[in-house]
Amino acid sequence: MNADVTVPSSDVTRLLQAYAAGDASCLDDAIPIVYDELRSLARIQLSKSGLDGKMQPTMLVHEAYEKLAVGKPQQPSNRRHFFAIASRAMRQVVVDTWRAENTAKRGGGASVLPDATRELIDSERPEDFAQLEQALSKLATESAELAELIDLSCFAGLSNEEIAKLHGTTIRTVQRNLIKARAWLQQFLGER
Amino acid sequence: MAVASGLDFATLDALLDQALDCDDAGRKTLLESLPDAQASALAELLDASGSDVLAKLGAAVRSTVDDKSATPKPRDSTRRAGSWRLRGEIGHGGTGQVFLADRSSEDPGENTDFSQRAAVKVLWSHRVGSQFSERFFRERRILASIEHPGIARFLDGGLLGDNRPWFAMEYIEGKDIVTACRDRSIEDRLRLLLEVCQTIAYAHRRLIVHRDIKPGNVLVDSSDHARVLDFGIARILGDAEEPALTRAGGVPLTLRYASPEQVSDGPLDIASDVYQLGVLAYEMLTDNRPYEVSENSLHESVRTIMEQIPPLASTHNARIKPDVDAIVAKALAKDPGHRYAQATDFAEDIRRHLKGLPVTARDQTSLYLTGRFLRRHGLLASIVAASVIALTAATVYSLGLAREAREAAERSRATLEILTEVFAQSDPFGEGGADITLAEALIQARPTINSKIESNPRLSLEVNEALASIFLNLDMLEYEVAAHEAAWAAAETLGAGFERQRIVSVAGIGNAKTRIDPADAAEFLRTNLPDQPPTSETAVAWLAAKYAEANAWLRLRDLQRVDAIAVSMSDVSNAHDVDDPRTLGRINQLLAGSARRAGDIPAADQYWQRAVDFMSEAGQPAGHAVFLSNQALHFGKTGRYDESERVFLEAISLFRQHDPKNTSLANILRSYAGLQFRIGSPQAALDSLAEALTILNRDRDHYAYFGAQNSAASYAFANSDFDASIEAIEDGLDLALEMFGPYDAVTARMLPNLARVLAFAGDEQATAHVLGLHEIACAPSDVRRAAIETALTQQSPSNEGREQLQSALAIIETGSALDLKAFNTLVQHYYEADDVFIDPLDRLSYLEALEPIAISNGYPLPEDINSSLQVLRAPRTEVAAMIAGAWSARISGLLTAIAPERARVVCRNL
Chain A
2 MNADVTVPSS DVTRLLQAYA AGDASCLDDA IPIVYDELRS LARIQLSKSG LDGKMQPTML
62 VHEAYEKLAV GKPQQPSNRR HFFAIASRAM RQVVVDTWRA ENTAKRGGGA SVLPDATREL
122 IDSERPEDFA QLEQALSKLA TESAELAELI DLSCFAGLSN EEIAKLHGTT IRTVQRNLIK
182 ARAWLQQFLG ER
Chain B
78 MAVASGLDFA TLDALLDQAL DCDDAGRKTL LESLPDAQAS ALAELLDASG SDVLAKLGAA
138 VRSTVDDKSA TPKPRDSTRR AGSWRLRGEI GHGGTGQVFL ADRSSEDPGE NTDFSQRAAV
198 KVLWSHRVGS QFSERFFRER RILASIEHPG IARFLDGGLL GDNRPWFAME YIEGKDIVTA
258 CRDRSIEDRL RLLLEVCQTI AYAHRRLIVH RDIKPGNVLV DSSDHARVLD FGIARILGDA
318 EEPALTRAGG VPLTLRYASP EQVSDGPLDI ASDVYQLGVL AYEMLTDNRP YEVSENSLHE
378 SVRTIMEQIP PLASTHNARI KPDVDAIVAK ALAKDPGHRY AQATDFAEDI RRHLKGLPVT
438 ARDQTSLYLT GRFLRRHGLL ASIVAASVIA LTAATVYSLG LAREAREAAE RSRATLEILT
498 EVFAQSDPFG EGGADITLAE ALIQARPTIN SKIESNPRLS LEVNEALASI FLNLDMLEYE
558 VAAHEAAWAA AETLGAGFER QRIVSVAGIG NAKTRIDPAD AAEFLRTNLP DQPPTSETAV
618 AWLAAKYAEA NAWLRLRDLQ RVDAIAVSMS DVSNAHDVDD PRTLGRINQL LAGSARRAGD
678 IPAADQYWQR AVDFMSEAGQ PAGHAVFLSN QALHFGKTGR YDESERVFLE AISLFRQHDP
738 KNTSLANILR SYAGLQFRIG SPQAALDSLA EALTILNRDR DHYAYFGAQN SAASYAFANS
798 DFDASIEAIE DGLDLALEMF GPYDAVTARM LPNLARVLAF AGDEQATAHV LGLHEIACAP
858 SDVRRAAIET ALTQQSPSNE GREQLQSALA IIETGSALDL KAFNTLVQHY YEADDVFIDP
918 LDRLSYLEAL EPIAISNGYP LPEDINSSLQ VLRAPRTEVA AMIAGAWSAR ISGLLTAIAP
978 ERARVVCRNL
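Line order of the protein sequences matches chains A and B.
Add 1 to a position in the first sequence, counting from 1, and you land on the number used in this note's numbering.
Add 77 to a position in the second sequence, counting from 1, and you land on the number used in this note's numbering.
Check each hint, because a few of them may be wrong.
[Claimed, not checked] Simulated crosslink set (DSS-like; lysine-lysine; CA at most 25 Å straight-line):
(1) B/Lys133 to B/Lys105
(2) A/Lys181 to A/Lys166
(3) A/Lys181 to B/Lys398
(4) A/Lys181 to B/Lys133
(5) B/Lys398 to B/Lys411
(6) A/Lys181 to A/Lys139
(7) B/Lys133 to A/Lys139
What the hints contain is simulated information worked out from the structure, not anything from laboratory work.
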C-alpha cells in the first residue's frame with residue numbers, strides 16, 4: 002500500500018457500492034484504505050484515549066465507518082459490507098502488529114507483546130501467527146460466512162446483537178454460528 | 078481433512094449443526110448412528126466447539142489494540158521532567174502515566190520552596206504544538222496560585238523532549254473517593270462530598286474550572302480529607318480563545334464522567350463542574366454509576382449522557398433520603414440552567430441537609446411545583462376529585478362505611494403522592510416550567526410508578542386506572558392499553574368483589590385497541606367478556622364493554638355481530654332494570670342502526686329519537702350533540718336532507734355553546750360539510766371544513782385532521798380549485814405518512830385523491846405509482862405481490878436479482894409448484910438481495926411469499942427466516958412506523974418534484 006496516496010472517502014463509498022453490486026475486486030481495493038484509516042484512528046484514539054484508557058476495536062471500526070462512509074445516506078447493505086471489510090482490515094492490523102512484535106522478539110528487541118497475546122501463544126502454541134492466519138484462511142475457503150463471523154466478533158469486537166442486526170438474523174443464529182466457527186477454527190489449529 | 082467418505086467440510090458442518098440441535102442423549106444417538114470415521118470426526122468437532130479459542134483471540138485482539146506500545150513510553154533517557162527525577166510509575170490511565178518524583182538537588186531552579194516530593198503526570202499525547210507551551214506558561218502561575226487544603230498543589234509543568242506535556246503536583250497518598258466511601262455511613266459520605274464541593278467552589282471563585290472531576294481525581298488522604306487532583310486541564314474563565322490545551326492538545330475527556338455540554342461542544346464552565354460533581358456524588362453515595370456509558374459506540378455514549386435520566390440515588394441505597402435524592406438529581410440536571418448555579422450552592426444544600434434544614438433542591442421539585450404542574454394538566458383535579466368523592470361517601474353513608482371511605486381517601490392520597498413523587502423526579506419544572514410535556518413526564522415516570530405499586534394490587538388498580546384515563550386524554554393508545562392491562566391484572570389478583578373493575582379494564586383495553594386495530598379489539602372483547610353481567614351491579618359496566626365490542630365490529634363492518642350485540646344489550650338492560658340514560662341512549666343508537674339496515678325506517682327514526690332524548694337526559698352536552706349529529710346522518714342517509722341539516726345545526730350550536738374547541742365539533746362540521754356538498758354547495762362545505770381545521774390540532778388530532786383534509790381535497794377538486802386540493806392532499810398525506818406510514822388504511826384513504834389529481838394532470842407514471850401505493854396500503858393480502866413489484870420499480874437490483882424477483886412474482890401469481898432447487902434459489906436470494914429489501918415490509922412480503930410455498934411443498938424454512946418472519950410480523954404499526962420516515966421522504970419528494978408543479982401547470986392551462 003502506498004502511504005502517500007490519500008484516497009478521498011467518497012472513493013470508499015464508490016468501492017463499497019461496486020462491491021455491493023458484485024465486483025469482488027473492490028474488496029481488495031477497499032481494504033488498504035480502511036486499513037490505513039484504522040491505523041491512524043488507533044493512533045489518534047490512543048493519544049486521546051478517551052475512554053478511561055480502554056480502547057476497543059469496535060470503537061475503531063465504528064469510527065472508521067463514520068469517517069469513511071459518511072456523505073450520502075447509507076444503504077444498509079453498505080454498512081454490512083463495510084463491516085465485513087473493516088473487520089478483515091482490522092484482522093490485518095492486528096496480525097501485522099503481532100508479526101512486528103514477533104520479529105522484534107526474534108531480533109532481540111524488547112518484547113512488548115501484550116499479556117493476553119502471549120497467553121494465547123503460550124496455550125495455543127502457534128509458533129507464529131502464520132498458523133493462526135492459516136487456520137483462518139482455511140476456514141474462509143470452506144465457509145466464508147464463518148470466517149467473516151470470526152472477523153466481526155473477534156477482530157472488530159462487535160457484539161452478537163450488533164452482528165445479528167448487521168446481518169438481519171437473530172442473535173441465536175449468530176451464537177450458533179459462533180459455536181461452529183469456534184469448533185472449526187480449533188479443529189484447523191489442531192490439525193496442521 | 079479428507080474429502081472422501083462424508084468427511085468433507087459441508088457434510089461435517091451439516092452434521093455439526095444437527096448435533097448442536099440435540100440434547101446430550103440425542104447427540105449420543107446421532108454419533109452412534111454414524112460410520113466410525115464420521116463419528117470420531119464429529120466428536121472431535123463437538124469437543125472443539127467448547128474451546129475458548131475465540132474468547133482468547135478476542136482478548137488478544139483487544140489487548141493488542143489497547144496496547145500502549147503504540148505511543149511512546151518514557152524511556153530510560155527521559156526519566157526526568159524539568160527539575161524532577163522520575164522514580165517509578167505509580168499509576169497509569171487514559172490520560173497518561175503518573176510517576177513518583179523528587180527534585181534533583183543539582184537543579185534547584187526557581188521554585189526551591191516547593192516540597193521535594195511530587196507526583197509527575199506525563200500525558201500520553203504528543204500532539205501538542207507550540208500553542209501548548211505558550212498557553213501553558215501563561216497559565217501555570219495562575220494554576221500555581223491556587224492554594225487550598227482540598228487541592229493537591231500544582232507545582233510545575235512543561236514539555237518533555239518528545240513534546241509530551243507533564244505536570245508535577247503535590248504527591249498525595251490515599252484512596253480514590255468512591256472506594257473510600259464504601260464502608261462509610263451516608264452522613265460521612267455527604268461530609269466528604271461537602272468538602273469536595275467547597276474545594277471546587279473555591280477554585281471557581283478564582284475563576285478556574287476543573288473539567289475532569291472523577292473518582293480518580295479525588296482522593297481521600299490519610300487524615301481523612303478529600304483532596305482534588307489534576308487542576309491541569311482547567312482554563313481560565315472568560316478566555317474566549319479556543320482552548321488549545323483541551324481540544325487540539327488532546328487532553329482527554331473522560332467520557333464516563335462527561336457532562337452533556339462536554340459531549341455536545343457546549344460551553345464548559347462552572348455548570349459542567351457542577352454536573353461532574355453530581356456524577357461523583359452519585360457514585361460516592363450509591364457505588365453505582367448514574368448510567369452506563371458504552372465503550373463501544375461514541376454515538377451511543379453521547380446519547381446516554383445527553384438524554385438518560387439516572388434512577389434516583391435511593392433506588393440503589395434505601396438509606397438515602399428524598400432530600401439527598403433531590404440534591405443529586407439537581408446537580409445532574411441535563412440542562413445546565415436547572416442545576417445548581419454554583420458549586421457553593423451545591424455545598425450549601427448538602428450542609429443544610431446535614432443540619433436537618435430544608436434544602437433548595439426540594440423546593441424546586443416540591444409539592445408546590447408539582448401541584449402546579451399537575452394542575453396545569455388537569456391531573457390534580459381528577460385525583461383530588463377522587464379523594465373528595467371518597468370523603469363525601471363517608472358522610473352520606475352510615476358509619477359502617479366510614480372505614481372503607483377512609484381507606485379510599487387514603488388510597489387517593491397515596492396515588493397523589495406517588496404521582497407527585499415521580500413527577501418530582503422527572504423534574505418537569507424548570508424555570509419556565511413548560512419544557513417537558515405531561516406525556517414525556519409520564520413515560521419517564523412509568524417504571525418508577527410500577528416499582529412503587531407492584532406489591533399493592535389495590536393501589537395498583539387505582540393508580541393504573543388514573544394513568545389510563547390520562548393516557549386516554551393524551552391519545553397515547555399503547556400506554557393506555559398497558560395501564561388498563563395492569564389495572565386488569567390487579568383486579569384479577571384482588572379476586573371476588575372486583576368484577577366490575579375487571580370489566581371496566583377490559584372495556585378500556587377494548588376501546589383503546591379499537592383505535593389501534595379494530596380486529597384485535599373485537600377479538601379481545603369477544604373472548605374476554607362474559608356472556609352476561611355477573612351481577613346487577615356490574616350490568617352498566619358490562620353494557621359499556623359490550624358497546625365497545627359493537628363499535629369494534631362496526632369498524633370491521635361485521636354488521637351481523639353488531640345487530641346480535643344490540644339485541645343482547647337490550648335484553649340485559651331489561652333483565653337488570655338498567656336506568657342509566659347514557660347506557661340506554663347507546664342501546665337505542667345500536668338498535669336504530671339495526672332497524673335501518675333491516676329497512677325499517679320508521680323504527681329506526683323512533684330509536685334515534687329515543688337515543689337522542691336519553692343522551693339529553695344524561696346531561697352531557699357533548700354526548701348529546703354527537704348523538705344529534707348521528708341522527709342527522711341518519712336523516713341524510715335516508716334522503717331527508719332538510720331534516721338532516723336542521724339536526725346538524727342543532728348539534729353544532731349545542732357544541733358552540735358548551736365546548737367550541739372540542740374535536741368532536743370538528744368531526745360534526747365535517748359530517749355537515751358532507752351534507753352541504755351533497756346538496757350542491759361545495760363552497761359552503763369547504764367553509765365548514767375550514768372551521769373544522771381551525772379547531773383541530775395537527776399534532777394531536779391526527780385522524781380527525783387527516784379526515785378533514787381528505788374531505789377538503791375532494792370538495793376542492795370537485796369545485797375545480799386544484800391548488801387548494803393539492804395543498805390539502807399534501808398536508809394530509811404528509812401527516813398520514815408521518816403518523817401511520819404507507820401501509821395503513823388511513824393513508825390508503827388519501828392516496829386515491831392524489832391519484833385522481835395526478836391522472837387529471839396527465840402524469841400516468843406518477844398515477845400508477847400512487848395507485849400501487851394505495852394497493853399496498855389497503856389490501857394486506859395483495860401486499861406481497863405489490864411489494865415485490867415496488868421492489869422491482871423502486872430499487873435498482875442487479876439484473877440477476879431482478880430476474881429472480883420476477884420469477885418469484887410469477888410463482889406467487891400462478892401459485893405453481895416449485896422444486897426444492899428453485900425454492901432454495903429464492904431463499905438464497907433473500908440473503909443476497911439486501912438491496913431490494915431495505916423496507917421491512919418488502920422483506921416481510923417476500924418472506925410471506927416464500928412461506929406458503931415452503932409449507933405446501935414441505936420444504937424447511939431456515940431458522941433465521943422463521944424468526945425474521947416473527948419479528949417482522951409483530952406489530953404492523955411498528956413496522957409502519959419504522960419505514961414511515963423513509964417513505965415520507967420519498968412521497969414528499971414525489972409530490973414536490975413531480976405532482977404539484979405539473980398538476981398546477983396542467984390545471985391552469987385548462
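Each hint, compared with the structure:
The hinted pair formed by B/Lys133 and B/Lys105 fails the criterion: a straight-line CA distance of about 29 Å is larger than 25 Å. As the CA atoms of A/Lys181 and A/Lys166 are separated by approximately 19 Å, the hinted pair is consistent with the 25 Å bound. Distance check on the hinted pair: A/Lys181 and B/Lys398 sit about 52 Å apart at the alpha-carbon level, beyond 25 Å; violated. For the proposed pair A/Lys181 and B/Lys133, the alpha carbon gap of about 16 Å is at most 25 Å, so the pair holds.
At most 25 Å may separate the alpha-carbon atoms for a hinted pair to count; B/Lys398 and B/Lys411 meet this at roughly 22 Å. A C-alpha spacing of about 14 Å is found between A/Lys181 and A/Lys139, which places the hinted pair at or below 25 Å, so the restraint holds. Between B/Lys133 and A/Lys139 the alpha-carbon distance is near 19 Å, which keeps this suggested pair within the 25 Å criterion.
Hints 1 and 3 from the earlier list are contradicted by this structure; the remaining hints agree with it.
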